[in-house]
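J.: What follows is the residue order along each chain.
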Amino acid sequence: MRRIVRVASWLYALAVYGFIFLPVVVLVLFSLQATSFPIPPFTGPSLRWYDAVLSDTRLTSALVNSLLVASISSATAVTLGFLSAWGFARFVLPGSGLLRGLITLPLTVSYLIIGMGLLVLFNWAGVPKSLLAAGIGHVVINLPLCFAIIYSQMGDHQINIERAARDLGAPEWKVLLLITVPVMAPAIFAGFFLSMTFSWDEFVISFLLTRFDTTLPVEIWNLLRSGLNPKTNAVGSLVFAVSIVLVVLFELTLLRRRKA
Amino acid sequence: MSSARNSGRALPRAGHALAWALVTPALGWTLLFFVLPFIAMGFSSLTAHEGGGFTLTNYSQFFTNPSYWQAMVNSLQVTAIVTVVSVLLAYPFAWILAEQVPERWQRLALMLAVLPFWTSYVVRSYSWLLVLAQNGVINRALTGSGLISEPLQLANTRLATVIGFVHFFVMLLTLTIFANLKQLSPSYRKAAADLGAGPVRTFLHVILPLTLPGIMVGAFLTFVLCIGDYITPQILGGNNELLMPQLVMMQIGRRGDFPLASALSIILMAVVTIAYLACARWLKIERA
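For the record, the sequence lines run as chains A and B. Everything in the first sequence is counted per my numbering, starting at 4 for the first residue and increasing by one. Everything in the second sequence is counted per my numbering, starting at 14 for the first residue and increasing by one.
Hints in this document: simulated from the structure, not taken from any laboratory. Keep in mind that this is a model prediction, so the values were computed, not measured. Idealized CB from N, CA, C, for every residue including glycine. Some hints here could point you the wrong way.
[Unchecked claim] Label-pair restraints from in silico Cβ distances:
hint, chain 1, residue 1, chain 2, residue 2, range
1, B, 113, A, 57, 36 to 46 Å
2, A, 176, B, 203, 24 to 34 Å
3, B, 208, A, 9, 24 to 34 Å
Only chain A is shown next, with the shape it has when bound in the complex (with noise of 0.2 Å):
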């Protein structure tokens, strides 16, 4: 008996991974294919279609884009999440349940509604699409999460050394930038490498508030246009490299604080 339930469990569990990595596999085995069709048979290995990702500007600069879009509304979205959270981690307002209720909330919506919003807002104002007003959207989006996260790892420990360095005199932006920052700096790397690769990998919002300039996301749609093509394959390969790097910066960052 123990034996059948530990063979079907070790089929089943092979055939979850295989299905999970299917298309993965799938994707980066064909970008390196060498003819213009990502279909069997694989007839690779080549990497033309890498160098014609790399030679198209429009690619290239939906990349750049991107990276910005994601580091400055990240960096902002971390900043602002995190003097929330201190502020109601170390402070007694009125309301404040509900006030850190208002700040999760968008979580809850679909960012199909959060863009649509933002759209009409915008329209109404007269400001233009631009990347501007993609990056707005997507603090909207992350702060919650950054907030949440660095909110749940303010921990009591940090509150006596806050005091003792108020007792020894310290000012309080000096209590914040010389011991709440360094002391919570794996909470708010880890809220920032998220906020990151969501940011990086959003597409509706921008779609919905780019025009011309946009990022890499909405650019992969505009190639899906031209059917299969392997150059999609390679650049999707690309990005997926670069989110490993994220999630791996914020595993990395997370550990380093349990250990803590």
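Since chain A is already given, all that's left is putting chain B on it; use the hints.
T.: Relative to the frame of chain A, chain B by itself:
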């Protein structure tokens, strides 16, 4: 937790001014770029596309135009199928990772299971197209092995949309259910065994009920993300049948009809809110 936190009474002079200074930027951002747009959308949904003026036609259209109504029905059907299939696939998988895989390999096994999470979402849907297309991997494998003579129509169907979604949500649910299973104290199992319950009874009467809240939270997340998603149905489902997000985007893209798009978005959000209220009992845990 909160009582310990609130013990910061030794806090500074002018504590409140500082506290408000800290939380105001985040609150302001949320009010300005989340609440206000929502209000703007509400107003917009009540105006006529041509010429302005207040009207309820955008909402009444939804209830009277069968194709709009159908989009909601399609969305609910697809979301329900995806949620159920994903839970059914992910639960045994999470259980295997938590119970059958040796402790020291679990972290690695879990990381591998969610690795494709981090490919670009647009690209992930596209890569399913490579698998499901007329001359894609599956059809080539099936015709090559002589199992079928004509390629199957897999892409641009509801099945393709469901596969793309399930792929994504199996990863998400595996994470949440795994975390839930790991939190269970092993003593429950021992107690059940001591009282004479076999593995099946232990599972049905002890483990499953205790992990139900986790499943519900995961299922709710699946519901919210699935019903509001545009990319997967657009890439994999094609335009054979429209889901709500596709309908919303169509109003903006092709017709520039913001009022109708706003009304449809608000209806979509109302459905999610109803779902939230229905699962509120299970979801409350998070808000402690």
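J.: All hints, please: hold or fail.
T.: Against the structure, the hints come out as follows:
no.	hint	in the structure
1	B:113 to A:57: 36 to 46 Å	holds, 44 Å
2	A:176 to B:203: 24 to 34 Å	violated, 54 Å
3	B:208 to A:9: 24 to 34 Å	holds, 25 Å
Hint violations for this structure: number 2 only, all remaining hints satisfied.
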